[in-house]
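Visitor: Read top to bottom, the protein sequences are chains P and E.
Residues in the first sequence are numbered consecutively from 1, following this note's numbering.
Residues in the second sequence are numbered consecutively from 1001, following this note's numbering.
The reader is advised that the hints may include incorrect statements.
Said to hold, decoys possible - Label-pair distances were calculated between CB atoms; the ranges are: (1) P/ASP17 <-> E/SER1047: 21 to 29 Å; (2) E/GLN1056 <-> P/THR352: 21 to 29 Å; (3) P/PHE399 <-> E/LYS1049: 56 to 64 Å; (4) E/LYS1083 <-> P/PHE355: 25 to 33 Å; (5) E/SER1071 <-> P/VAL248: 17 to 25 Å; (6) E/LYS1074 <-> P/LYS16: 16 to 24 Å; (7) E/LYS1049 <-> P/ILE264: 57 to 65 Å; (8) P/ASN369 <-> E/SER1058: 54 to 62 Å.
Unchecked claim - Dumping the calculated BS3-like pairs for lysine-lysine here, alpha-carbon to alpha-carbon at most 27 Å: (9) E/LYS1049 <-> P/LYS13; (10) E/LYS1076 <-> P/LYS13; (11) E/LYS1083 <-> P/LYS13; (12) P/LYS350 <-> P/LYS409; (13) P/LYS16 <-> E/LYS1076; (14) P/LYS14 <-> E/LYS1083; (15) P/LYS16 <-> E/LYS1049; (16) P/LYS14 <-> E/LYS1049; (17) E/LYS1076 <-> P/LYS376; (18) P/LYS207 <-> E/LYS1074.
What the hints contain is simulated information worked out from the structure, not anything from laboratory work.
C-beta: ideal position from N, C-alpha, C; glycine also.
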Amino acid sequence: MANQKNIDQLFQKKFKDFEQEPRPEVWLQIEEHLTKKKKRRVLPMWWYGGVAVVLIGLILSPFLLKEKNTTDPVHIQPTIITTVPSESLKKTIPKEKNNIPEVIEKRPDFKQIIKESAVIANTNKTRVSKDKNSPIVTNKGTEKRYISLANVGTLPPSYLERFRIISFKGDLLSHKSTINHDSSVKSLLDVVKKNDSLSNEKNSFKKRWGISPSYGYTKSNSFSSTSSIDQSLDNNPLRGNSNAAFGVNVHYTVSRKWGFRSGIYTQQLSFTTKNIGIVSGVSSNGLSSINFDQNVLTSSFGGAVYIGPVESSQDIASLVSSADIVSNNAVLLQRYGYIEVPLEITYALKSTDRFSLGLVSGLSTLFLNKNDVQLKSSQFTSTIGEANNLNKINISTNFGLDFDYSFTKNWSLNLNPMVKVHMNTFSKKNTNFQPFFMGIYTGVKYQF
Amino acid sequence: MRDDEVLNEVYVDVEDIVETDFLLTLIQQLPNQYRLVFNLYVLDHFSHKEIAEMLQISEGTSKSNLSRARSILKNKIIEYQKKQQGA
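Please build the complete structure, drawing on both the sequences and the hints.
Guide: Below, the structure written as structure tokens:
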């Protein structure tokens, strides 16, 4: 207990006559920030519009609300100024809703005061706390309480309404004569300077554009274990393969937390269906969703060929005398690829000077640019045709995380794991296949 | 009475060594919530009840935050003193 008191007293005594005056630049910056902030809020999301924004907004709304409640303390921290107002000054201050911006904006001679305050770096002002010698103590019990601006930013607005925030005009001028310099002020100004540069760094969202060429290691997957090619193959084992993706992504930052992302990527999916039997000498009657390349069939199997599950192929071979089993252990490899144009919203969950973590969500439009089906066995590999049930344009919904590690002001390393669920792959209902796509994208991001 | 004397002695010792800007740095190094509670309680003389209301936390949390802040500060000051004496 002795120790506790000791600590309290130590701090109380040390900070008893402690006042600091921020440099005029800081005030100007705050002022600038306040006006800017208003403009920025008006900044439209209009040209993105659409369903994506609404959906994602809903999904992320808990974060959004959280953000509103925590006012950014960075810009308020450097200022620890509150003084007892003179009677006349008090009258000029509206009794309700004195939040900081209002007070500052209602002061036409604000800049003038700042100039003077720079000269009077340290004045013998009444301090913030209810010190025994301070006049405020006589007001104890009434509603007159003073609170340092350093704490204002972190308090809920509802509480702040009960306070009058009073700027430094009244006392500054009257105490002009008591200028003296001591070390605490000097060091405080250093602190303010530090905060100042810190806030500049945190303002790096002013770098609005980011461009990042990336490479992605991707894996094809499916929510269903059914075949990607035909319902008759639903019981065959299916495996999603890994592929590579390339692209460029462009990022546009709207606020410290929110941004948009677009770009252009390649995207390829491939699925291997195993346990395929091939029987030649029988006309094909399965796999209606493949447009076979007859030339390849003729050259490889002499024309008529049955391709299907091993069990069926064996049944057919035993029933039809002309049939000849070519393979009992072939695989069908279906590959299809897209040019992908994503439109995504990013939300920064956490960011430090070097590292940032964000959520990404949005939609991609996918333009089919590759489509083939290969038949592989131990003896041969041939492209036998292409799927006829794929839509030319597909849509995917995307979710993912975004890690950024910046090693210089403009350059950062980017790691971006994504899951993309394909919504509109197939034009016909002859398959229950529900593909999705996972990718880990890495790239180097340049911000400007 | 005896306690007060001891207190005063220690107090003076500490005061001699510790600079205001060092204390300021210490406060600034505290985690946000601790700093807030510490500032409000020790420097701005609010009660735990008022702080709890302001920050929308419970009184218990306020008290615990304060004591943690104190203990962090205490340790850092002691560390600092040791370093000073060592040098």
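Visitor: Can you tell me whether the CB distance of E/LYS1049 to P/ILE264 sits inside 57 to 65 Å?
Guide: holds (59 Å)
Visitor: Holds or violated: P/LYS350 with P/LYS409, Cα cutoff 27 Å?
Guide: holds (18 Å)
Visitor: Is the distance from the Cβ of P/ASP17 to the Cβ of E/SER1047 consistent with 21 to 29 Å?
Guide: For P/ASP17 and E/SER1047 the Cβ distance comes to about 24 Å; the hint holds.
Visitor: Are the Cα positions of P/LYS16 and E/LYS1076 separated by 27 Å at most?
Guide: holds (21 Å)
Visitor: Kindly confirm whether 54 to 62 Å is satisfied by the beta carbon distance between P/ASN369 and E/SER1058.
Guide: holds (60 Å)
Visitor: For P/LYS14 and E/LYS1083, compute the direct alpha-carbon distance and say whether it is at most 27 Å.
Guide: Since the Cα atoms of P/LYS14 and E/LYS1083 sit roughly 21 Å apart, the hinted pair holds (cutoff 27 Å).
Visitor: Starting from the range 56 to 64 Å, see whether the pair P/PHE399 and E/LYS1049 falls in it by beta-carbon distance.
Guide: Violated, since P/PHE399 and E/LYS1049 (Cβ atoms, about 44 Å apart) do not stay within the stated range.
Visitor: Between E/LYS1083 and P/LYS13, does the CA-CA distance stay at or below 27 Å?
Guide: holds (23 Å)
Visitor: Is it true that the C-beta distance of E/LYS1074 to P/LYS16 lies inside 16 to 24 Å, as the hint says?
Guide: 20 Å Cβ-Cβ, so the 16 to 24 Å window holds.
Visitor: Compare the distance between the alpha carbons of E/LYS1076 and P/LYS13 with 27 Å, and conclude whether the hinted pair is satisfied.
Guide: holds (18 Å)
Visitor: Take the C-alpha atoms of E/LYS1076 and P/LYS376, compute the straight-line distance between them, and say whether it is at most 27 Å.
Guide: Cα-Cα ~70 Å, so violated.
Visitor: Check the following: the C-beta atoms of E/SER1071 and P/VAL248 are separated by a distance inside 17 to 25 Å.
Guide: Since the Cβ atoms of E/SER1071 and P/VAL248 sit about 52 Å apart, the hinted range of 17 to 25 Å is violated.
Checked against the numbered hints given earlier, the structure breaks hints 3, 5, 17 and 18 and satisfies all the rest.
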